[in-house]
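Participant: Here is how the chains run, residue by residue.
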Amino acid sequence: MNWQLFEANFESFVGVNLWTMLFAWANLLIVYLFLRKLLFNPVKKMIDTRQGEIDGLYQDAQESKDKANELLSEYEEKISHAGEECEELLRTAQRKAQLREEEIIKDANAQAARVVKRAQEEVELEKKRAINEVKNEVSQMALDIAGAVIERDIKPADHEAFIDDFIKNIGDGQ
Amino acid sequence: MKLKVLIPIIAVLLLLAMIVPTVIVTLSQQADGVTPPESEGEGGISISVQGPKIYLTIEALEGFFLGVLANPITQTTVTLLVATVLLITVAYFINRSLKKRPGGFQVVVEKLVNMLYGLVEDTMGKHNLKFAPYIGTIFLSSIVCTLLGTTQVFRSATADLSVTVAWALVTSGMVWYTSIKNFGFKSWLKGFAEPIWLMTPMNIVSEIAQPLSMAFRHFGNVAGGSVLTTLIYAALALVSNLILGWIPGLISSIPFFQTGIPAFLSLYFDLFSGFVQAFVFSLLTMVYVAGANPPPEEYTSPKGDEE
Chain W
1 MNWQLFEANF ESFVGVNLWT MLFAWANLLI VYLFLRKLLF NPVKKMIDTR QGEIDGLYQD
61 AQESKDKANE LLSEYEEKIS HAGEECEELL RTAQRKAQLR EEEIIKDANA QAARVVKRAQ
121 EEVELEKKRA INEVKNEVSQ MALDIAGAVI ERDIKPADHE AFIDDFIKNI GDGQ
Chain Z
1 MKLKVLIPII AVLLLLAMIV PTVIVTLSQQ ADGVTPPESE GEGGISISVQ GPKIYLTIEA
61 LEGFFLGVLA NPITQTTVTL LVATVLLITV AYFINRSLKK RPGGFQVVVE KLVNMLYGLV
121 EDTMGKHNLK FAPYIGTIFL SSIVCTLLGT TQVFRSATAD LSVTVAWALV TSGMVWYTSI
181 KNFGFKSWLK GFAEPIWLMT PMNIVSEIAQ PLSMAFRHFG NVAGGSVLTT LIYAALALVS
241 NLILGWIPGL ISSIPFFQTG IPAFLSLYFD LFSGFVQAFV FSLLTMVYVA GANPPPEEYT
301 SPKGDEE
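Residue numbers (the numbering used here), protein chains in the order written: chain W, 1 to 174; chain Z, 1 to 307.
FYI, nobody ran anything at the bench for these hints, they're computed from the structure. Check before you lean on any hint, since a few could be wrong.
Stated by the list, open to error - Under 10 Å between C-beta atoms, here's a sample of chain Z residues computed to sit facing chain W:
(1) Val49
(2) Pro102
(3) Ala223
All C-beta atoms in this analysis are idealised placements derived from N, C-alpha and C, irrespective of residue type, glycine included.
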């Protein structure tokens, strides 16, 4: 086999060289495999991953926003009802307070009446006791006076009935 | 303001690019066309447009198959290798620097990848997104192989018909494979006899013409650009020689006019054309493959549904 190396021969301008074609195919295949593995697939995957992440973030944000809006409307509704609720509450409280007030006043009245009554009773009792004491003293005094006036030997037992009668008449007269 | 100035300049340059080569070629044909540019003064130049340089020839194979197997290593293979290594290296470094919180460069890369997937989805439909890496590969390969030619160290690999034919055949192979997978082999064969059996030769021709037209379009644009660039360089050398030739000494042999002007033309013929052709090639691939792989609900074969 005769090899001819590095001589200035040229191929025809328009022509097909089977070796070159094979070489072109081989190179195309190699470039394709490498570019697919190193460039297109990784870059596309990177883009898609990032896109997915961004989409997820946006979706999350949208969900949060929706939830917030929901809560907001709920709260607004609650607040708009709060006035009525407050009034209602106040009204109930007033009514209750009024009832309680009346009750307390009634209780107080009753107690006062009781106290007055007891005081009256005590006064009555005291009065009676005082009258009794006065009666005794008066009877004693009457006896003393009578003893002094008459200066006679009077037997107290004889006249006691008479004096008691007298005092009782006085007491009854009051 | 800048654009207003630039557009007429570019227009004039493009006009020049069309007219000057024609004039030069006519002139050079009239003037025997054998005198090399070094022997100036005669007013003629010889321009040779050649295919890729051959680095290795196996003489034993030169007799077979019109010699298509004789030259395994050419400028094109070198360019393809360089493009492959370049693309894989760049991809490797991009891959290593990928972060969840992207930096400036990664944003650009992601934008481009997104654009690619968006384009594939728009053109081919969501069910064909698995083809996006291949479309991106063919686009990047095409661009890099074309632009490597502007370094002048390498020759554009896409200016070699072998490469574009190989790529176009890959597209056709994908189309045929998906067709057969989706509609079945019999149905696919029957598709050639649509709408009537008389059309069979036409259908076969169109099936062959599809990759060929793709290949020749891409090859023709890039190779044509380089041919034009060569012609313009030669023409500018001639103009330089004509205007400055009277100066004695070394100065007259320096082609001053070759500076600057070709750069503007290169903007169009290499950069713009390279992008457009890469885009067209990928777009055609997308359209053809998408035609063979319709959305899942239309799987009732549109090619042969008389059964």
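Participant: The structure should be examined with respect to each hint, and the outcome stated for every one.
Facilitator: Here is how each hint holds up against the structure:
Taking 10 Å as the C-beta contact cut-off toward chain W, the hint placing Val49(Z) at the interface holds, the least distance being around 6 Å. For Pro102(Z), the suggested interface contact is upheld, since its CB lies about 8 Å from the closest CB of chain W, less than 10 Å. Given hint, Ala223(Z) at the interface with chain W, holds; its Cβ is 7 Å from that chain's nearest Cβ, closer than 10 Å.
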